[in-house]
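K.L.:
Sequence:
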Amino acid sequence: FYKDVLAAYLLVGSLSSILVSAIVKKAVKHPRPPRYDDEILRDGTSSLIEGEYGMPSNHACFVWFGAAFFVLYVLRGGNVWMATKLPSSSSSSLPSASACNGSSGEESSNGHAATLSSTTTSYTWTMSVWYHLHTTLIVVASLLIAGGCAYSRVYLGYHTPVQVLAGSLLGMLSGILWYTLFETEVVRGLLIKLDGTLYELECGRRDQLINSMMCLGDSNNDNGGGMKRD
Numbered sequence: 001f002y003k004d005v006l007a008a009y010l011l012v013g014s015l016s017s018i019l020v021s022a023i024v025k026k027a028v029k030h031p032r033p034p035r036y037d038d039e040i041l042r043d044g045t046s047s048l049i050e051g052e053y054g055m056p057s058n059h060a061c062f063v064w065f066g067a068a069f070f071v072l073y074v075l076r077g078g079n080v081w082m083a084t085k086l087p088s089s090s091s092s093s094l095p096s097a098s099a100c101n102g103s104s105g106e107e108s109s110n111g112h113a114a115t116l117s118s119t120t121t122s123y124t125w126t127m128s129v130w131y132h133l134h135t136t137l138i139v140v141a142s143l144l145i146a147g148g149c150a151y152s153r154v155y156l157g158y159h160t161p162v163q164v165l166a167g168s169l170l171g172m173l174s175g176i177l178w179y180t181l182f183e184t185e186v187v188r189g190l191l192i193k194l195d196g197t198l199y200e201l202e203c204g205r206r207d208q209l210i211n212s213m214m215c216l217g218d219s220n221n222d223n224g225g226g227m228k229r230d
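Residue numbers (this note's numbering): 1 to 230.
Derived by calculation from the structure, the hints in this document are not laboratory data.
There's no promise every hint is true.
Said to hold, decoys possible - Listed next, the in silico EDC-like pairs over lysine to aspartate or glutamate satisfying Cα-Cα at most 16 Å (straight line): (1) K85 <-> E185; (2) K85 <-> E183; (3) K26 <-> E52; (4) K29 <-> E52; (5) K193 <-> D4; (6) K85 <-> D4.
Said to hold, decoys possible - Cβ pair distances, simulated, as ranges: (7) G147 <-> L11: 20 to 26 Å; (8) G147 <-> V28: 20 to 26 Å; (9) I23 <-> L181: 18 to 24 Å; (10) P34 <-> R76: 39 to 45 Å.
Where is the CB? At the ideal position from N, CA and C, for every residue including glycine.
Model the full structure from these sequences, guided by the hints.
P.N.:
Structural data, given as structure tokens:
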């Protein structure tokens with residue numbers, strides 16, 4: 001359930017960053033720029049819904065929060081910790097050479113060891129290539145999506161460049177702070193407890209389902225036996 005735990009942690013962080021952005025926006029009260037579909041008033045300003053301000057941009061804050069968090073998450077090994085340290089995570093390892101040779105002779109043992117060594121080397125190389133490709137893809141995609149979304153707010157006329165820049169900086173700082181908290185023992189302890197709770201609930205649900213199916217099967221067998229006796 002580490003993906004669910006990560007999603008919950010990100011949800012709380014993103015909502016917190018948006019809340020901070022909204023508070024700053026209410027305090028600064030910086031108007032949005034005039035748009036093509038706004039009603040221009042006599043004093044040259046655009047009609048603005050009460051409370052509709054633009055500094056900082058919530059969209060820019062949101063996307064750059066996610067980008068900053070995910071970049072640090074993959075570069076600093078947060079994904080490795082989530083996939084190996086949580087109770088629901090399962091780890092697998094390659095069999096040892098001694099486990100492969102069984103009761104065969106020394107020559108067979110050497111052959112198994114050589115094969116295992118070659119397999120391990122190939123596996124390590126493949127995983128290393130995949131890790132670098134995966135990391136590069138996430139970093140590039142995160143930056144492109146965040147940059148494109150922030151640019152669109154200016155292009156569509158919803159915000160000025162300064163408003164988007166302020167939202168981007170606020171989002172990046174929030175993302176860095178949120179990931180820094182992610183690496184603390186207190187937060188990781190809470191995530192482990194959350195994952196353990198979800199894992200226990202899922203195991204209980206599966207046990208109930210299996211028991212129900214077994215009871216149903218026994219009931220069908222009893223009914224079938226009764227019909228044969230008749």
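K.L.:
Indicate, hint by hint, whether the structure satisfies it.
P.N.:
A quick look at each hint next to the structure:
| no. | hint | result |
| --- | --- | --- |
| 1 | K85 <-> E185 | holds (12 Å) |
| 2 | K85 <-> E183 | holds (13 Å) |
| 3 | K26 <-> E52 | holds (9 Å) |
| 4 | K29 <-> E52 | holds (8 Å) |
| 5 | K193 <-> D4 | holds (13 Å) |
| 6 | K85 <-> D4 | holds (14 Å) |
| 7 | G147 <-> L11: 20 to 26 Å | holds (23 Å) |
| 8 | G147 <-> V28: 20 to 26 Å | holds (24 Å) |
| 9 | I23 <-> L181: 18 to 24 Å | holds (19 Å) |
| 10 | P34 <-> R76: 39 to 45 Å | holds (43 Å) |
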